[in-house]
Amino acid sequence: MNWQTGQSIFAVCMMMMAAWAVGCPVVRRVRVLDNDPAGRALWALVVGGILWGLGLAGLGLLGLLYVPLVGGLTWAAFLVGFYQLVRGLEASPPSSWPGKHLLPTAGASSVRGRPGAGSECSAQATSPLPAGTASPIASEAIPAKYPFFEEEVPAPYEHAPPPDLVAPGGLPVWAPEWTQTPAGPLESGLPPDAEADDWELLPEEPAPAAPAPNAVRPAAIAPAGRPRRRVDPPGHAPFWQKQPAALWPTPPDWLAYLVFSLAAGGVLAALAAALAPPTAGDALCYHLELPKRFLQSHRLDYLPYDDACTYPLLAEMWFLWALALDGEVAAQLVHWQWGLLFAWAAVQLAQMVVDRRWAWLAGAVVLLTPGVLNEMTAPLNDVALAAMTTLSLTAWAQACQNSVGAGERKEWFLLAGLALGGAASIKYTVLLIAPCLAALWALRYGQLPDCRRMLLHGAVLTGLVALSVSGVWYLRAAWHRGNPVYPLAQAIWPSRIPPPKAHQPADPSPVGQGRGLAGLADPWSVTMQPELFGGRSFQLGAVWLAVLPGLFWTQTSHRLKWLLGLAGIYFLLWAMVRPNVRFLLPILPMLAPGVIWVWAEMRRMPGWPRTAAAAAVGGCLLVPVAWMGLRMRDYLPVALGLESRQEFLYRREPSYPAAALANLLLPPDAKILSQDYRSFYFDPVVVRESVYRRLTRYDQKVQHPADLVRLLRLDGFTHLLLVEEIAPAGLPKKESARADRETLSDRGNREESSDRDVRENLVGQDIRENVSARADREEFSDRGIRFDPTLSRLAEAALALPDPGLQELSQYRFTDADGSVRRYRLIAIH
Amino acid sequence: MIAPIRMPDPWAPEKTRLWRKARRIVAAMLLGPPTPTPAEPPPLAAWKAWLFAAWVLGTVSAYVWAMLAK
Chain A
1 MNWQTGQSIF
11 AVCMMMMAAW
21 AVGCPVVRRV
31 RVLDNDPAGR
41 ALWALVVGGI
51 LWGLGLAGLG
61 LLGLLYVPLV
71 GGLTWAAFLV
81 GFYQLVRGLE
91 ASPPSSWPGK
101 HLLPTAGASS
111 VRGRPGAGSE
121 CSAQATSPLP
131 AGTASPIASE
141 AIPAKYPFFE
151 EEVPAPYEHA
161 PPPDLVAPGG
171 LPVWAPEWTQ
181 TPAGPLESGL
191 PPDAEADDWE
201 LLPEEPAPAA
211 PAPNAVRPAA
221 IAPAGRPRRR
231 VDPPGHAPFW
241 QKQPAALWPT
251 PPDWLAYLVF
261 SLAAGGVLAA
271 LAAALAPPTA
281 GDALCYHLEL
291 PKRFLQSHRL
301 DYLPYDDACT
311 YPLLAEMWFL
321 WALALDGEVA
331 AQLVHWQWGL
341 LFAWAAVQLA
351 QMVVDRRWAW
361 LAGAVVLLTP
371 GVLNEMTAPL
381 NDVALAAMTT
391 LSLTAWAQAC
401 QNSVGAGERK
411 EWFLLAGLAL
421 GGAASIKYTV
431 LLIAPCLAAL
441 WALRYGQLPD
451 CRRMLLHGAV
461 LTGLVALSVS
471 GVWYLRAAWH
481 RGNPVYPLAQ
491 AIWPSRIPPP
501 KAHQPADPSP
511 VGQGRGLAGL
521 ADPWSVTMQP
531 ELFGGRSFQL
541 GAVWLAVLPG
551 LFWTQTSHRL
561 KWLLGLAGIY
571 FLLWAMVRPN
581 VRFLLPILPM
591 LAPGVIWVWA
601 EMRRMPGWPR
611 TAAAAAVGGC
621 LLVPVAWMGL
631 RMRDYLPVAL
641 GLESRQEFLY
651 RREPSYPAAA
661 LANLLLPPDA
671 KILSQDYRSF
681 YFDPVVVRES
691 VYRRLTRYDQ
701 KVQHPADLVR
711 LLRLDGFTHL
721 LLVEEIAPAG
731 LPKKESARAD
741 RETLSDRGNR
751 EESSDRDVRE
761 NLVGQDIREN
771 VSARADREEF
781 SDRGIRFDPT
791 LSRLAEAALA
801 LPDPGLQELS
811 QYRFTDADGS
821 VRRYRLIAIH
Chain B
1 MIAPIRMPDP
11 WAPEKTRLWR
21 KARRIVAAML
31 LGPPTPTPAE
41 PPPLAAWKAW
51 LFAAWVLGTV
61 SAYVWAMLAK
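Read top to bottom, the protein sequences are chains A and B. Each step along the first sequence adds one to the number in the working numbering, with nothing skipped, and position 731 is 731. Each step along the second sequence adds one to the number in the working numbering, with nothing skipped, and position 31 is 31.
Chain A on its own, in the form it takes in the complex (with noise of 0.2 angstroms):
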């Protein structure tokens, strides 16, 4: 590995521990995930990062993104937050971990091969031996090296942690303060938050067997004295020991260790991938764009010719955050961190139905997703999005619960405020998540005549706070388009400048045709061909389609209806809206819960169709990890440092030759007009030229070749960047070379006969209207790149003039990820 990459990833923990360090301390004070470090762990690190989000965009907004600024911001918070992991991790005060007050329990913590050595509740337990002090048990025949004299003993554990290791609020980093001040509460027996009923003394002799899981609370720390054991009362045990009924045994270890193998497989290879620079169109047209612009000008400024400038642009202010601490492969690796988070929020949001080992299996299942592992390679949103519907949809959920209490609901109604907030911050497609929340509040409201009130306030706390936390992007975009919402609901807010016809209402969506019951087959074609809902690289794999059907012959939960219930809202909803696959990754943690109870339901089959079953679910997984790796193969060479990232790029990036000619050559003010979106790595301003013909139509103002060199001059560009399809996608390469040869016999033809190629160039204005639109359609679909070539025939039509003020700087061929090969011209004007 070399030195830039290992700089990039070390960037990137960087960033996550500065957003730990942030958002511990809003995350601490939420007592709701006080017995789930899990959870706490997660929902740290997302409110952290939304809180840089907001201070980056608040930076921004005052003109103050400077790298250094920047740097040592993070820095500091990186410093901080480590600080805090080390100092809580050394200096944690006994009492705050359980096993401190007890002797080695039977589960965990007891001498190997010497049963009764520790036992949870026996009365010699109650406090730790000092140091030096001999063991009751065999001490002269011990010797005193062995530092489990020293203190307890944690004995490697199978399957589950000894009770005494889940501290309350988990990680002690922030532990209670009546855990860290041994003259307080705890002296006197019990924790200030602690009724006496909660608590019951812990029998003299050892305890018999393991304490059924929703009786009792194994991380509550016994108070001083005669060691305790805290009882919860009925409805207030955490939420992932309120399980319905254990169901099903543990999951099978061979089960277990084939699933994380593979997710940890994809995920290993979607890293080797992410470390190579990003060449993803979307991410070098604005994802990574826009921050690099705002960067070099240290504000976040309005780009009039780049429609995504007033979006919400939370992830982008991450990526930006990565650019200033080291460059795109960081911003890219962020992406890929985020795809972990999201697996992680389909954990948490598991729990509500299924047991916690099933669980991480369902968190692993999500990551196992074609589509998942593929944007994890690339530094775009869908996935932080979808890692905050999740959590959204989780704390939602919480709240709404019967058993909760008041101080609970709220907790869990602002947690899912942030997330909501975080979400509405990244992308517009949070709309979709909205009714499936606002479903499921009225189920509640229903059934809840007691609580309506409270969730009332609940549903108005969320919206709060989520508006308070994204309601910048909105204003930002108000102020400057007209339209909070651009390009968006035009009827409703008509904007000053014209939208790309991309989001309005062009092709028929290709789910449902026809309508009845073909709409049951959508599910079917989403999975069988991808290709025709944004394209194959998002895909959902066959995983969903193949098992969640079985389904029909199990038992389920009431959890698990509702889960799948809303998955169908967000479905019908996705379908009408954005028939995109890309914007149905927020459904996966929904329908994982569903995968894994089939999974445990499966044991009731007969051997062999279970084994058949199994088998092809298994070869069902392996297919993202075997793609993954095949993909990954391009990508290793410049992970580990075999291969620069610029041979990389020359190799793969079809912008980055005229890239790095104009950043060599070109002033910095230079302004090129390109007809490739692609422009992340040009230093100069560059322009699209399909937004620029949609805001000025300057094609039609072009009475003459002559003219095309004026009008630009006039609007300060300076240099062209010309992209002609030579081949286009799919062609054999004979074809190709063939279409290639006569290409250029036409290119020669048309060179004789300029006056006819003006006429040409200069064709109808219908004609060129539905050129524009469907550039603008296309560069936005997904479906393969295309170009307009509107740019290209005037040029071309310049250029023949005897004066054309034009001069072609460099040209050269380049076979695009989507098979077609294209002329790349850097054009400079006179």
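Honestly, I wouldn't trust all of these hints.
[What the hints assert, rightly or not] Sample of chain B residues at the chain A side, in silico, Cβ under 7 angstroms:
hint: 1; residue: LEU44
hint: 2; residue: PHE52
hint: 3; residue: TRP55
hint: 4; residue: TYR63
Please keep in mind that the hints were generated in silico from the structure rather than gathered at the bench. Idealized CB from N, CA, C, for every residue including glycine.
Following the hints, complete the assembly by docking chain B onto the known chain A.
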């Protein structure tokens, strides 16, 4: 004759206390309390099991075919 006490293999702890705590925290985060083993569920009817297996096999085969064919 009393058999000599055989010393158990000493447990090999991590090198540092911090590392051990970190390991335990991660384990506690990943794993939850043990759940009791439920009673043996009733077996599924053979025709349902074969129907489901056929559906899974058919779907996966169609998916692989669709992906490889294009």
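Here is what the structure says about each hint:
no.: 1; hint: LEU44; in the structure: 4 angstroms, holds
no.: 2; hint: PHE52; in the structure: 5 angstroms, holds
no.: 3; hint: TRP55; in the structure: 6 angstroms, holds
no.: 4; hint: TYR63; in the structure: 4 angstroms, holds
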